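Going down the list, the protein sequences come from chains A and B. Just so we're aligned, residue 0 is where the first sequence starts under numbering that gives the first Met the number 0, counting upward by one. Just so we're aligned, residue 0 is where the second sequence starts under numbering that gives the first Met the number 0, counting upward by one.
Check before you lean on any hint, since a few could be wrong.
To be verified - Derived pair list, reagent style DSS-like, types lysine-lysine, alpha-carbon separation capped at 25 Å:
1) B/249 / A/253
2) A/62 / A/28
3) B/354 / A/249
4) A/253 / B/77
5) A/5 / B/364
6) A/62 / A/354
7) B/42 / B/28
8) B/77 / A/77
9) A/377 / A/354
10) B/77 / A/408
11) B/5 / A/5
12) B/377 / A/126
13) A/354 / A/200
To be verified - Here are some, though not all, of the chain B residues that point toward chain A, as calculated from beta-carbon distances under 10 Å:
14) 3
15) 151
16) 425
To be verified - Just a few of them, taken from the derived set where beta-carbon distance is under 8 Å, the chain B residues facing chain A:
17) 2
18) 5
19) 6
20) 9
21) 95
22) 170
23) 177
24) 190
25) 307
26) 309
27) 380
28) 419
29) 420
30) 426
31) 450
None of these hints come from the bench; they were simulated from the model. Small disclaimer: the values here were computed from a predicted structure and weren't measured. The C-beta atom is built at its ideal place from N, Cα and C for all residues, glycine as well.
Number of protein chains: 2
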Amino acid sequence: MSTRQKRYFLTEEEIPTQWYNIQADMVNKPLPPINPATHQPLKPEDLFPVFAEELCRQELDQKNAWIDIPEPVREMYKYYRSTPLVRAYGLEEALGTPAHIYFKNESVSPVGSHKLNSALAQAYYCKQQGVTNVTTETGAGQWGAALSYAARVFGLEAAVYQVKISYEQKPYRRSIMQTYGAQVTASPSMSTRAGKDILTKDPNNQGSLGTAISEAIELAINTPNCKYTLGSVLSHVTLHQTIIGLEAEKQMAKAGEYPDIVIACFGGGSNFGGVSFPFMRHNILHGKHTRFIAAEPASCPKLTRGVFQYDFGDVAGYTPLLPMYTLGHNFMPANIHAGGLRYHGAGVIVSQLLKDHLMEAVDIKQLESFQAGVLFAKAEGIIPAPESSHAIAATVREALKCKETGEAKVILFNLSGHGLIDMSAYDQYLAGNLTNYEVTDEDVQKNIAGLEKII
Amino acid sequence: MSTRQKRYFLTEEEIPTQWYNIQADMVNKPLPPINPATHQPLKPEDLFPVFAEELCRQELDQKNAWIDIPEPVREMYKYYRSTPLVRAYGLEEALGTPAHIYFKNESVSPVGSHKLNSALAQAYYCKQQGVTNVTTETGAGQWGAALSYAARVFGLEAAVYQVKISYEQKPYRRSIMQTYGAQVTASPSMSTRAGKDILTKDPNNQGSLGTAISEAIELAINTPNCKYTLGSVLSHVTLHQTIIGLEAEKQMAKAGEYPDIVIACFGGGSNFGGVSFPFMRHNILHGKHTRFIAAEPASCPKLTRGVFQYDFGDVAGYTPLLPMYTLGHNFMPANIHAGGLRYHGAGVIVSQLLKDHLMEAVDIKQLESFQAGVLFAKAEGIIPAPESSHAIAATVREALKCKETGEAKVILFNLSGHGLIDMSAYDQYLAGNLTNYEVTDEDVQKNIAGLEKII
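Could you build the full structure based on these sequences and the hints that come with them?
Put into structure tokens, the structure is as follows:
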């Protein structure tokens, strides 16, 4: 072992003061979301009943490349940001690769993942507008925990619908939300029309993110002074997550490097966009040639096998119609442990970027993701979230290619969260009790064809 | 909210290069450990069969105030150190106190606690000496996780005896150890004489730290090329933990402050000594008047109710006789959730310091500790380990005194670890299902009197 710098930080003054809105720089803008009632392109006002107004404006902003981070949000960022940029010497040595591997460690956030970056912003804008209550959905609970704490910070009451199977199988994340003072309900529940409709037909329904979204939106719309918040997919969420990549850009400069490849796991796209877009900006504007790889689960492969069309973001059809790569809004993904990646669609920005070949996508099977996660835990000491392990698996693939070719490529991946609440999944993996799930092109075509033609 | 600095870091160059050995500066040195066979003061060589030789020398070193941190250990420190020194504005505001509260956040270590600071050192010295296997015991699993990872780093095989009740009730920490590649056995087990003796008498025995220590020592002594390691109590463990206080000293200087009060929770004393001794040095040598408060559980009150006498460190009597505050080596503490504080004795250094009134101790009941932990989680976002919540509770007491007197005292406490693996305990607290346990002076006198007179 030699003395060589392991981690790169920013001073509090160096923490970015603006988020980056890639929509402004895209040559082909994302297609507009559509109001399903009127079939007209969505205006910010159409979203006001559901989201804080500033968030609605951010969602559809295709003009302003830089959005000021409100001072109270930036002040809260300082409690855990900058997150470390780490040179993964341990992983490089374990793989015997000449690649230089870096990861941005978002797992050091107090709630254990990148989700807090947007939760603080969303809670702040709600508070600023006089909102008193916020709702949301959560799967494994990373987003729900973040929103629960952010609501506490800005003095809001939070109600979280958690997918029932997670509510029951991952009680620790539920406890975390409750410790922060949130009200947590298993979804589907009898507290909403959307939930009742499902439970009366199927009393043992285990829930899905799409259903929990429907319930949370319904509660927000029917409660005075209450807004809904979302943890991924939407453009304003990804906007807030660009703090990750903007920091990483400055930190990599301190390391004297620039990434040849940027990798993140992919659920709805916010952690992927968050780490990628600030670097993609230089591809678009300054002729850089960085590759961007989204790592999605083979069991929920909207980017690699989905179709690009208008679809709803939730099961009940409460959301606008979004132009996206989708497996169909009623797609029920297999019960993999990377709960945060079990979503049928991709955000509109990423969908357009993929269509235009500005990024790539790979699918990772469950066993490969856990193999990479255990390798990383042994090499770097940090137990990664099952979601983040997809990014690690894609990184391992690229690093091994470098080993074959002898190229010392610079790879940056986002460690979106830790896996300490997911140890039962590791248990099952180590005991040989996990399996792979795959979706074929035929599965997808059948599912999409089964939907009514929406638009 | 105003712009004000929240966190203080050191550069990798500023990370201390030496640990601080307070024994060299103590006016009244700790009494010597005694070889129970010969009743003679222990020499380092007496410990060689059990521990790595360098650790034995450190254990009994009363001369050298500064011990070089081996370069490979310091290189590993850089992956997570310096840990942040955080100004707890959120907690100050929640309490309405004029006190300036700082905490050293050891929970950001990859294994979630300060324990890694010594695990890396112990594994390194073993490796250097040609050892191939290490053993240890663990209660809740913080130490076991740290040693498992440190063993992996230096290419050693680790065998961990985990107290049976924790093995069964906290499966996540067992899984973490197994993910790092350690072999984990519930204690008492049939794999040692010490374990067999207990199980044949009491097949349902739930285990204790004292028993697990006996088993781990027995395995180490009977296995070629194998050494035992310990997570607290001993002087060399506390030596390694002084990295905490040495960093904090530099970080507080960056904040332009010096602590009036330093607080840590107390199990065997390593995290308390680690954060305290570098500041206590200035009390001893430079006329400073900082107060040092050890926060122990009311259910295991060796400092506040124990007696100062020679006692064994384990149940079976395999260890040397140690001059310490003790509840008796067969004391069975109530099953509180702060498993890391359930130990009958205090380290020899701390015992002497307490006897000489260079430090103070307070006892905290379980409900007060959880009340403080939830308050801290809501105010600072970090869910503390039940152990660390004892330090928070003592901090809250002092901060509220400041509120009464109007004094802006500077309080530093050590957040020794996070509580993400302990959420079931939070669940029970929030549901009102936890209770207090107390030990009376009479309980202690009776327990001590029941022991054979050892020396």
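Problem - Ascending list of hint numbers which this structure does not respect - result: 3, 5, 9, 13, 20, 21, 24, 25, 26 and 31
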